[in-house]
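Number of protein chains: 2
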Amino acid sequence: VPASPGLTVTYLLTGPRDECVAVARDLCIEQTIEFPADLVTRPEILDHVVARADEPVAVAPDLHEVRVEFSAEIIGSELTQLLNVLFGNISLKRGIRVQRIELGDPLLSRFRGPRFGRPGLRRLLQAPGRPLLCSALKPLGLSAAELADLAYRFALGGMDMIKDDHGLADQPFAPFRERVARCAEAVAKANAVTGGRCLYLPNVTAPAGEVIARALLARSLGASGLLVSPGLVGFDAMRLLAEDERLGLPILMHPALLGSFVISPVQGISHRVLFGQLARLAGADGVIFPNFGGRFSFTPADCRDFVDGTVCPMANLAPALPVPAGGMSLARVPEMVEFYGRDVILLIGGDLHRDPRGLVESCRTFRRLVE
Amino acid sequence: VPASPGLTVTYLLTGPRDECVAVARDLCIEQTIEFPADLVTRPEILDHVVARADEPVAVAPDLHEVRVEFSAEIIGSELTQLLNVLFGNISLKRGIRVQRIELGDPLLSRFRGPRFGRPGLRRLLQAPGRPLLCSALKPLGLSAAELADLAYRFALGGMDMIKDDHGLADQPFAPFRERVARCAEAVAKANAVTGGRCLYLPNVTAPAGEVIARALLARSLGASGLLVSPGLVGFDAMRLLAEDERLGLPILMHPALLGSFVISPVQGISHRVLFGQLARLAGADGVIFPNFGGRFSFTPADCRDFVDGTVCPMANLAPALPVPAGGMSLARVPEMVEFYGRDVILLIGGDLHRDPRGLVESCRTFRRLVE
Chain W
1 VPASPGLTVT
11 YLLTGPRDEC
21 VAVARDLCIE
31 QTIEFPADLV
41 TRPEILDHVV
51 ARADEPVAVA
61 PDLHEVRVEF
71 SAEIIGSELT
81 QLLNVLFGNI
91 SLKRGIRVQR
101 IELGDPLLSR
111 FRGPRFGRPG
121 LRRLLQAPGR
131 PLLCSALKPL
141 GLSAAELADL
151 AYRFALGGMD
161 MIKDDHGLAD
171 QPFAPFRERV
181 ARCAEAVAKA
191 NAVTGGRCLY
201 LPNVTAPAGE
211 VIARALLARS
221 LGASGLLVSP
231 GLVGFDAMRL
241 LAEDERLGLP
251 ILMHPALLGS
261 FVISPVQGIS
271 HRVLFGQLAR
281 LAGADGVIFP
291 NFGGRFSFTP
301 ADCRDFVDGT
311 VCPMANLAPA
321 LPVPAGGMSL
331 ARVPEMVEFY
341 GRDVILLIGG
351 DLHRDPRGLV
361 ESCRTFRRLV
371 E
Chain C
1 VPASPGLTVT
11 YLLTGPRDEC
21 VAVARDLCIE
31 QTIEFPADLV
41 TRPEILDHVV
51 ARADEPVAVA
61 PDLHEVRVEF
71 SAEIIGSELT
81 QLLNVLFGNI
91 SLKRGIRVQR
101 IELGDPLLSR
111 FRGPRFGRPG
121 LRRLLQAPGR
131 PLLCSALKPL
141 GLSAAELADL
151 AYRFALGGMD
161 MIKDDHGLAD
171 QPFAPFRERV
181 ARCAEAVAKA
191 NAVTGGRCLY
201 LPNVTAPAGE
211 VIARALLARS
221 LGASGLLVSP
231 GLVGFDAMRL
241 LAEDERLGLP
251 ILMHPALLGS
261 FVISPVQGIS
271 HRVLFGQLAR
281 LAGADGVIFP
291 NFGGRFSFTP
301 ADCRDFVDGT
311 VCPMANLAPA
321 LPVPAGGMSL
331 ARVPEMVEFY
341 GRDVILLIGG
351 DLHRDPRGLV
361 ESCRTFRRLV
371 E
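Residue numbers (this note's numbering), protein chains in the order written: chain W, 1 to 371; chain C, 1 to 371.
Isolated chain W (complex conformation):
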């Protein structure tokens, strides 16, 4: 028996039952000691370090689920090592998918999780009951002044959150410092007009040594939240941003580069775990996810799996808000509210620019649709 209950993972394994028994046995070695069991000289390593698998349970023809228990001791307190134990080496093997995870309370207590989460974001925005609204500053190529002008009109029209396009980094056409200063100022100006509390979330996905510095700079320039792509900077860099007391800002997670983990139904990591549970472990308050029926390839079931992960019980960790996106339109708002309910951030980009009456009116229409 592992020394103390740490991480329990339900893996989906492809193959007949006997084969899955063998795969599960190998996995218990591969993800821990990665060493021939017959050569281990200290028996307590086999007892306390090697993971332990339950019997496989058939869930479909040639598909079995198996629960594997990893001891807290081999994970320590580092998210990087948790990811390694969860799917490090076995990401390189075929036919293995992480379906669900459960963390023991001692392990879970090492993670703060979302600083705001669902209740915190609603308090911050003074929007207790309705879906929240978000748009993005784009297209790439606009100047800082042009982006700030968009931000002003979004905020004036009643958006709750305005995020940078995730492709805005520190390019010459809209350098980070100038962009953040101008956009934060524009949103503050609009808030003064409307009495609203619209947040501006610049993209702080940045070189490894600059993520925190860029976030601190953003805060000092008036940013009221942060956009991060953990696929580009690492999940643990997002956790660091979420835990930094000097920042104290809500975090919106972008899924860039993470698609390869979820694109196969029999390999990789489930939507629930990657965009829900791991996102919360790493401190995301809201998680952008490609909605079904948009430009991307996910199904309603994938989206449901994702939402489950944002809200399933995880001891002290607050639930995060799902942010379905990816080619959404005003026409789809009623359907999205029906599917996701009120606990959602609706993110519409390009379609808000289609209204001939202009962006402000378009945002007002969006707002009326959810009130």
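In silico SDA-like cross-links for lysine to any residue, where the CA-CA straight-line distance does not exceed 25 Å:
1. C:LYS189 / C:SER143
2. W:LYS189 / W:HIS353
3. C:LYS93 / W:GLU335
4. W:LYS93 / C:ASP308
5. W:LYS93 / W:ARG67
6. W:LYS93 / C:GLU335
7. C:LYS189 / C:GLU361
8. C:LYS93 / W:ASP351
9. W:LYS93 / C:VAL333
10. W:LYS93 / C:ARG332
11. W:LYS93 / W:SER264
12. C:LYS189 / C:GLU146
13. C:LYS93 / W:ARG100
14. C:LYS93 / W:TYR340
15. C:LYS93 / W:GLY293
16. C:LYS93 / W:ARG332
17. W:LYS93 / C:GLY293
18. C:LYS93 / W:ASP308
19. C:LYS189 / C:LEU217
20. C:LYS93 / W:PHE339
21. W:LYS189 / W:GLU361
22. C:LYS93 / C:ARG25
23. C:LYS93 / W:GLY327
24. C:LYS93 / W:SER329
25. C:LYS93 / W:THR14
26. W:LYS189 / W:PRO175
27. W:LYS93 / C:THR14
28. W:LYS93 / C:PRO300
29. C:LYS93 / W:ALA331
30. W:LYS93 / W:ALA22
31. W:LYS93 / C:VAL266
32. C:LYS93 / W:LEU330
33. C:LYS93 / W:PHE292
34. W:LYS93 / C:GLY294
Please keep in mind that the hints were generated in silico from the structure rather than gathered at the bench.
With chain W fixed as given, assemble chain C onto it according to the hints.
Coordinates of chain C only, in the frame set by chain W:
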């Protein structure tokens, strides 16, 4: 035409020709402005920011390759944004795979690449002509003293490089500081006996705010190289380690958590690009990769593709050394040398422990096999 030649990517697209033309057109938008082209008000954004795709070329039934050119301007000088442009959003779409990349010289000149690379590692080890030898400190669960004892015997037996198991983080059974101090001392002691130059590479895969500090600590304790898993800490954190002048140590890259990118032949990122070209952009001197015929699922063609990426011309960037691994044995050494040639680091773990004459003799046998 994009403003200045930046990144040219050859994507493999699944589908009939007409469909691939449409996918390529969408991709040019998705990876850049991510905005409806008909709503873009400034024509120079369509001319200079949106990527440009060539005609698809059929390479197999229902598979087409298409070259896409991205301007240097949208990438700026950040590896995180390069990864985003390469495969950020489109990782979430089906049937798209990054096959090959070419970087323009101005863009490439922003990256230092491997500090040592193939020639530098050979100079450091004073081993000009033969395959290099590596083993790993494991199993997880051994104490720092026990790991140091292994390290001593590996070095005495003639290994060139000894790396931490990639699962060794900062767990209580072998805390980082004690482990590195003891293992570095053990290797130095053995080097004094043999007159050899064996390197010890501790694992500095660590929480986002601690990677550099842990590497500096490792260096101060006598480590002579670093092991990093960019799948866990981000590729850009590896680049930062490689570029840090206070460190100046060779870097061995571990593929943990990266398998989902390469596991499908029609989605994700090719072995060549992920483990070869991107690894070099991020400063890896040697790259661990699951060899064919071991515990993992890769083919000889996958391994060849990987090796091509470690050595293909990339202007100022040195070639890296491939490190085929994953359940290798002494019995397979001749076959591996035939396949990979002399420019390889052979990594054998568990199998070295099987020799009844003991670890030192086992390593000497390994060394004789390549001399």
